[in-house]
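Kindly produce the complete structure, drawing on both the sequences and the hints.
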Amino acid sequence: MNLRLGAFGKQETAATVLLCTFFGGCFSVDCRTLFGQGNASWLTEIIAVIQALLLFEAAVWALRVRGGSDLSALIGDSKLKKALAVPLMLALVLAAMLPLKSFLLTMTEFVFAGSRSVAACLYLLPCLFLLTVLGAETIVRTARIFLPILILSILAALVSGIGEYRFDRIFPIPIGNPFRLMSEAGSAQLRAASPLLALLCVGEGTQDRMAMRSAGRIGTIAGGALAAAALFALAMMFPYSELREMSAPFYRMLIEVRAENPTLRLDRAVLFLWLAGAILCAAFYLYAACLLFCRTFGVRDARPVALCVSGLAVTLILVLQYDTAATSAVRGHLYRDAWALIGVPVPLILLKKRRRKTTCAAAA
Amino acid sequence: MKKAIRNLFQFDTPYRRFELLETESEGTPSFFARRKAEKAKHPKKSGKIDRKLKDNRAWLTEVFCAAINTDLILRAIRVGGRTDALVVSMNGMADDAKIADFILRPAFHLDVSGIPEEQLPSYFCGHALSMYETERCDEREAVVSAILEGRTAILFEGAREAILCDTRGFVSRPVGEPQNEMTILGPKEAFTENIRTNVTLLRRILKRPDFVCEFRDAGGTNGTKLVLAYLEGTVNPALLREVKRRLDAISTSMRLTVGRIEQLVEDYTYLPLPQMLKTERPDRAASAVLDGRIALLVEGCPIAGVLPITVGTLLMSGEDLDMRQPVGTIVQMIRMLGAILSTYLPAYFLALALHHPGQLSSEILETVIASRAMVFLPLWMEMIFLLLVFQLVREAGLRVPGAIGHAIGIIGGLLLGQAAVSANIVSTVVLIIVALTGLGNFAIPDYSAQIATAYYRIVLCIAATLAGLLGVTAAGLCATAVMCSAKSFGVPFFTPFAPVAKHREHLLFRTRLENAAGTTDWTNPKRRRV
Amino acid sequence: MRRRCLILLCLLLFGGCMQSKNIDEYAYVLNVGVERGSTMPYLVTMLVSVPNGSEETKVENRVISAEARSFSEAYETLNAVYPSRLSFSRTSLLAIGEDLAKNGEQTAFLDFAFGKADLWQNLRIVVSKDPIREVFEGWISDGDPSLRKIKTAAGELMRASGTAADTGYGTYREAVSDKRFDAMLAYAGATEYGLTEDLVGNEAYPETGGSLLTESILKTSIAGSAVFRGDRMVGILDGRHTMEVLMATGAFKRGEMRFVLPDGQPVTAAFYRVRAPKRRGRGTQASAELFLEADLLAPETLSMESDALKSFLEKQLEAELSTVFRALQRVGSDAMGFGSVQAKRFRSAEEWEAYDWDADYRAMTVAFRVNVMISQRPHDPGTE
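These protein sequences, in sequence, are chains G, H and F. Read left to right, the first sequence gives residues -1 to 362 (this note's numbering). Read left to right, the second sequence gives residues 365 to 894 (this note's numbering). Read left to right, the third sequence gives residues 1069 to 1452 (this note's numbering).
All the pointers check out, no bait thrown in.
A few chain F residues facing chain G, derived, Cβ under 10 angstroms:
#, residue
1, Glu1242
2, Ser1245
3, Ala1417
4, Glu1421
Think about it this way: if two alpha-carbon atoms lie no more than 25 angstroms apart in a straight line, the pair counts; the simulated SDA-like pairs of lysine to any residue are:
#, chain 1, residue 1, chain 2, residue 2
5, F, Lys1412, G, Phe165
6, F, Lys1089, F, Leu1154
7, F, Lys1089, G, Thr106
Honestly, the hints are just simulated from the structure, not real lab data. Even glycine gets a Cβ: it sits at the ideal position worked out from N, Cα and C.
Here it is, written out as structure tokens:
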């Protein structure tokens, strides 16, 4: 077996989940969908995180009842449940792809204006492949190393914009319809629940089930809070009418700051630091997808699968980068409906098949 | 006939140049010049000592090639005028006076009448040898290694045992000051080539009964001795077992040093960072041993290896904990800054200058452009050229004796730099950046880590040239991930930060020094507590 | 296998080589201007700076222009004729010709320029009264200004005088895309000018002038503001009225005003913002409370007591603010941003978008209340 799972502690796991939740919350968004009806993104992020945590708690409870350490234990040998694992893998690949797609768009639009996205992608693929092949242990450790500097850069970005924030920009807050808020939070589950889904996939690498649960809770709550704060800062920086037309709001936030004569402008350094964070998160998702595949279908070596999922993610990024009617439609569905890839299979996997009393009686 | 004609027209036979053919001894190599290593035929070293002195003499003559190896002294004597014996030692390794005074003189005067030949070695030990360290053995191999170490072997006619006497008395360098790991507040002693002296240096610091120095053969055919020094009861037994297992696997005919042993036992061949700390300071090795780590001393090598290590170990110097907390924090922060600057500064500058000029402030931009006014090399080429020149000056300075080495550093740094700027080969800004990089590099305390940084620096510069900050990010992330995945004897490289562990290594902010019992816990030692 | 993978990765990286140039191969565009062309829709003018490395003049500045149908066409033309490659990485100012601004023709141009070129998203925008080439030439005519000086001169002037709206493209874009407020852009000219077309009335205040590098014949001035309604310029405000609008919006930092006391004695006061104004509003009723600190020049020579002076200044400012508001209301420009106050009471974007703010604004009455605190500190002339 060469699954490259390794063993990792609570802090590293929490750091990875935190980064995944933050990058998912802030960079896996489609501005047109998210800000189309006003800007309550910071509120929906909080609700989405709570919903994801409830789902995670249910999964951990199921693991405790059935005595397993990760999602593959819940899937078991049932063919139907194995089939249900496929949308989960797809969800993880999509969750890995979305922030990178957003960063790629930012790069081709603002940083390497004359370059093609394929060229930039060629730098992402080796990183993704290497990290995925090195396995979960390496990914979470690298995430732990990067976490302080990433948090610092995020906070610095939020603080440096204070001069440009205007509180009146957050209005009108669309809280008139709570049902809409809840449904928007529900449709954000691809980005909110994916970190916890990935954690459930690599659960065996954590110290024990309780460590996994606590790391998941801490990471999600901290990451969700950070993402909500960043989205709130964004709401004070741009009105919703502008945000819905924007392609890279967070980078725009960095470059909007009127620093007249800084000795060194650091917006690009910060952007690429965030890119490193997004690559780490993507690698975590891809490794989780890869492990889920190996465990479900009995593949004994994770490396070829890692290559495939990395390639698949990068190909999807490149394909969806093009503006055609078909890709626009796919993109629309991706942001609106992809929650179903997690929201439907996970509850079904958690359901336990009841043994039929009649069969038992007959057997007796 | 032909020969006669040739001799007629030729004054002498032409000199046939010597050429060592590949096929000379070990068969034709394959396409990639690989060939199967054949075992050299050596005389049998193992086995039991023979009763007949003649056979033992023949065996020793063969093993040590005594016919051509004049270092081996085989002195035949008659003990008490009755029993034949052979005193064997290695010239230069053993002290002649000790042999004459404490072995030969008592041997001639000893009365061995009535003593059976079989019991002669024990009788000789008890009644003739006025030496402190003696040992009886019947293994040929032990006799050979003892002779090689400078001890003297006494073999008797009709006895199956030999006596090994400690007569070691070879010349060695006295304990001197460290040359490469200078400290201001720390001790000024350094290891020497003598393994015994090195062990003594450690023992003088670690006056503990549980401090164990385990002597072992380094492996291979050259019989180098090594010492594993550790605290029994503190060191993780699994770690010790693993180290021994890896050392046992060494089988080489190379001369062994700590650096070579490191390469033979390490896991990650292609990782530029060292996987064993190499120190010439006994106090540093002793600190590591107290932390539950293992020190490795090798005969003939004035360097100790410490294992396992982490990134923090490479970035700390021996005297860090000698400094008070505020000063220590500043020194460590500067060192970290130096390490980061030396790795990333040239690449970051290249990325900004080539791909993101908007990120440079107007003043810096004007200065950079002004300095490059007449330079004909492209910026990236200029940077890589200067980085290579820096490495060249550094290597040249290292390999020549002290004063000239310093002179080369100054000439390289000042004159060459000035000349290169005047000749419009390089610009002053790039020169300043490379100088800063060099200074940062020297702030890293470990020599191997300094060299490894140079490797990362060049890779990052190439990545920055190709894709600006995207390249730096991709290369930096991959390098960090590879380092995160690497382990030094089972301990992840970024311990105690990822994975998190209690520790005494404070990379950035040093905390107050407190009374601490036990050791750091990242090697999972038996006595754990910081 | 490992080695082959490594080679493959290296090849991949070399394949993804990004375009790069040495920094000394670029010419840096510091200012960009667009106005109506004579034969083509746009005349694009650029102030280009090339650092040359000489000790005396560190940079060489030139003004170049081309007529074109779009920004990219102009860029390609200028790039082709200029020896170095033009880079927008240091562009800090964009000037729009008044003729374009009055017809709202600049918006399409700006959207395209900011979408495609590597322009800094929040660079400063000014409206130019005179031909932009003259404005830019006046900017660089004397003193061999450095790159930094050219970049920061306009901002420093606006900050020191407080008489021009220091508006970035981000704010302009926000004003155009939303109805919370209307844009107010700094107004520039190639000579020192009196703002005779001021929306409020022909009050030639002495503090309206503010010029850059004025030692030559060409004197670029920035003073007062061009007021917009949506993307169309609808009028001009002089320096003093601009200051008052900025006070009402909260963007005001510092500025000097001159008043005449009832006994005819002139008094000069430097005002500072103490805190953001409190603004409330619902439908056609609104109020704004301003908090300022006044630093008087030679207060010991004044005939009025401190309390009376405070009250006088408050009354004066309230009256002037009401006048300016009415003038803006007349042209339909919400430069004071009362729309953003209205937005607070809506609970969904649909409701807000359906709301006819324009109609309410036309009928709106605003009660201004100014709180002035007379400063005890010595007078700060605002210069170093």
